[in-house]
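Engineer: These protein sequence lines are chains A and B, in that order. Numbering-wise (the working numbering), the first sequence opens with residue 22 and increments by one. Numbering-wise (the working numbering), the second sequence opens with residue 104 and increments by one.
Please note that the accuracy of each hint is not assured.
Stretches of chain A that chain B covers, calculated by requiring three or more beta carbons in the stretch to come under 8 Å of a beta carbon on chain B [claimed, not checked]:
hint, region
1, 59-72
2, 77-85
3, 150-157
From chain B, some residues computed to sit far from chain A (all C-beta separations above 10 Å) [claimed, not checked]:
hint, residue
4, ARG113
5, GLY129
6, PRO142
7, MET146
8, GLY171
9, ALA244
10, GLY246
11, GLY294
No lab work stands behind these hints, which were simulated from the structure alone. In this text, all values refer to a predicted model and were calculated from it rather than measured experimentally. Think of the CB as a built atom: it goes at the ideal place given N, C-alpha and C, for glycine as much as any other residue.
Residues per chain are reported as follows:
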Amino acid sequence: MKQMETVQVRIQVNGTMHEVAIAPNRLLADFLREDLALTGTKIGCGQGICGCCTVLVDGAPAKACLMLAAQVDGCAVRTVEDLDRNGALTPVQQAFVECGAVQCGFCIPGMIMTAEALLDENPDPSETEIREALANNICRCTGYVKIVEAVAAAAKKR
Amino acid sequence: MALPEFTYLRPGTLDEALSMAAAHSGDAKFLAGGQTLIPILSMRLARPAALIDLGRLAELEYIRIEDGELRIGALTRHRAVAENEEVRAACPLLTAAVSQIGHAHIRNRGTLGGSVAHADPSAEYPLAITVLGGRIEMASAEGRRSLPAGEFFLGPLFSALGPEELVTGVAIPLPDPRAGWSFREMVQRSGDFALVSVAVLLKLEDGLVQEVAIGVGGATSIPMRMAAAEAALVGRAPTVEVIREAAAAAAAEVDPTDDIHASAEYRRNIARVMVRDALLEAVGRVGA
Chain A
22 MKQMETVQVR
32 IQVNGTMHEV
42 AIAPNRLLAD
52 FLREDLALTG
62 TKIGCGQGIC
72 GCCTVLVDGA
82 PAKACLMLAA
92 QVDGCAVRTV
102 EDLDRNGALT
112 PVQQAFVECG
122 AVQCGFCIPG
132 MIMTAEALLD
142 ENPDPSETEI
152 REALANNICR
162 CTGYVKIVEA
172 VAAAAKKR
Chain B
104 MALPEFTYLR
114 PGTLDEALSM
124 AAAHSGDAKF
134 LAGGQTLIPI
144 LSMRLARPAA
154 LIDLGRLAEL
164 EYIRIEDGEL
174 RIGALTRHRA
184 VAENEEVRAA
194 CPLLTAAVSQ
204 IGHAHIRNRG
214 TLGGSVAHAD
224 PSAEYPLAIT
234 VLGGRIEMAS
244 AEGRRSLPAG
254 EFFLGPLFSA
264 LGPEELVTGV
274 AIPLPDPRAG
284 WSFREMVQRS
294 GDFALVSVAV
304 LLKLEDGLVQ
314 EVAIGVGGAT
324 SIPMRMAAAE
334 AALVGRAPTV
344 EVIREAAAAA
354 AAEVDPTDDI
364 HASAEYRRNI
374 ARVMVRDALL
384 EAVGRVGA
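Use the sequences and the hints to build the structure in full.
Structural biologist: What follows is the structure in structure tokens.
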């Protein structure tokens with residue numbers, strides 16, 4: 022099969038501008054994990070249902086397994102690695118630790134990105150609003166209780 | 104899963120996009136939000152030779168109220184429609200419908216054009232547009248045309264859209280501000296595709312039903328108007344008994360199939376219950 026023509030893109034990831042030629046069929050999730058070695062973003066279902074791949078695109082949470090890297094040409098992407106930039110955990114991250122919200126850890130980056138985006142937009146969410154936001158992300162271990170508590174605790178600290 | 108290979112095209116204008124589609128003789132797919140198309144490619148349910156990324160076509164992103172119609176462009180994201188206060192004031196049924204599409208992350212990227220072109224009978228936009236009496240606007244290299252929803256949605260994932268044609272937007276006549284409305288979905292988990300969905304628009308005059316539109320999705324092969332149920336209501340007072348009659352008529356009209364999510368019998372019964380609940384809710388919302 023003839024090689025696919027690459028496409029030139031400029032994508033800002035965690036504050037760094039990347040000007041690269043990529044295969045157009047490269048998923049954003051694969052680009053982040055493999056090309057940029059940012060493995061904090063996970064791939065769970067590959068169908069946009071589990072939310073493990075949640076990143077922020079121009080501030081809004083989106084599923085990286087449902088996007089071509091080419092589609093974020095000109096956009097700013099933030100992954101979980103961008104949160105503790107200065108070596109300090111964010112209030113959300115700290116709350117997840119303190120509330121015992123982490124078991125296997127696989128869903129956690131996605132949960133935290135969703136929570137950060139929620140609190141950026143709605144600094145004082147009700148429990149219902151927290152649960153609705155976290156409906157974007159599946160957890161197979163915890164039963165969600167501690168995760169919801171962690172987000173509520175983080176809201177108070179922020 | 105890694106996607107199959109394709110030629111990737113990024114037109115800067117609608118005309119460019121349409122020429123590209125024509126040049127590929129129907130073996131190209133349009134990429135808008137990607138929330139439906141990317142999983143389809145990932146699962147190898149489609150292998151188009153080319154993908155035409157519409158991301159630069161700002162001309163197709165609009166929400167306008169003009170000439171008594173609500174007009175929304177195909178590239179308008181669900182979130183933008185769901186959060187638009189003018190839409191909520193003019194057409195609360197549509198706001199309710201779009202707010203229930205998937206989850207927030209999906210709504211941040213998904214578009215009206217993608218939802219309409221995919222024509223899933225359990226999707227929110229097709230049902231809402233059908234009940235609101237909207238028109239779907241399309242374009243190809245050959246020209247433009249539009250169709251009423253009833254002539255656009257032809258079967259499950261099957262519409263009147265030609266292989267080189269692009270949905271450019273919808274035009275929805277503004278409902279009477281006094282009309283009661285309801286949009287309800289039955290899902291097992293938040294964000295699931297609807298097992299059954301119901302939309303109702305209803306006008307009363309002197310306490311009697313003057314006009315009513317009842318649409319059901321999920322239990323039908325297309326978002327379907329319930330003609331017998333509507334006829335059972337027109338000219339009568341919307342009492343609980345009359346509403347029950349209409350709901351029973353709707354249950355007879357739907358054409359559900361058995362699948363892994365629910366049996367046909369279950370969907371038929373849920374349709375009856377939901378049509379009843381939606382009618383009661385719509386009556387409660389009728390304005391002075």
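Engineer: If I take the minimum Cβ distance from ARG113/B to any residue of chain A, is it greater than 10 Å?
Structural biologist: violated, 8 Å
Engineer: Beyond 10 Å from chain A, beta-carbon-wise, is GLY171/B?
Structural biologist: holds, 33 Å
Engineer: Once the closest CB in chain A is found, is it more than 10 Å from ALA244/B?
Structural biologist: Given that every Cβ of chain A is farther than 10 Å from that of ALA244/B, nearest at about 23 Å, it holds.
Engineer: Say whether it holds or is violated: GLY129/B keeps its Cβ farther than 10 Å from all Cβ of chain A.
Structural biologist: Holds, since 20 Å exceeds 10 Å.
Engineer: For PRO142/B, which was marked as not at the interface, is the minimum beta-carbon distance to chain A over 10 Å?
Structural biologist: The assertion about PRO142/B is violated, with a minimum of 5 Å to chain A.
Engineer: Apply the coverage criterion to the region 150-157 of chain A and chain B: a residue qualifies when its Cβ sits closer than 8 Å to a Cβ of the chain, and three qualifying residues are needed.
Structural biologist: holds (count 4)
Engineer: According to the definition I'm using, a residue is off the interface if its beta carbon is farther than 10 Å from all beta carbons of the partner; does MET146/B meet that for chain A?
Structural biologist: Check fails; 8 Å does not lie beyond 10 Å.
Engineer: Should the label of GLY246/B as a non-interface residue stand, given a Cβ cut-off of 10 Å to chain A?
Structural biologist: The assertion about GLY246/B holds, with a minimum of 29 Å to chain A.
Engineer: Holds or violated: the region 59-72 of chain A covered by chain B, criterion of 3 or more residues with Cβ-Cβ distance under 8 Å?
Structural biologist: holds (count 4)
Engineer: Over 10 Å to the closest beta carbon of chain A is the bar; see if GLY294/B clears it.
Structural biologist: For GLY294/B, whose nearest Cβ neighbour in chain A is about 6 Å away, the distance does not exceed 10 Å, so it is violated.
Engineer: Within the region 77-85 of chain A, is the number of residues with a Cβ closer than 8 Å to a Cβ of chain B three or more?
Structural biologist: holds (count 5)
Of the numbered hints stated above, those contradicted by the structure are hints 4, 6, 7, 11, listed in ascending order.
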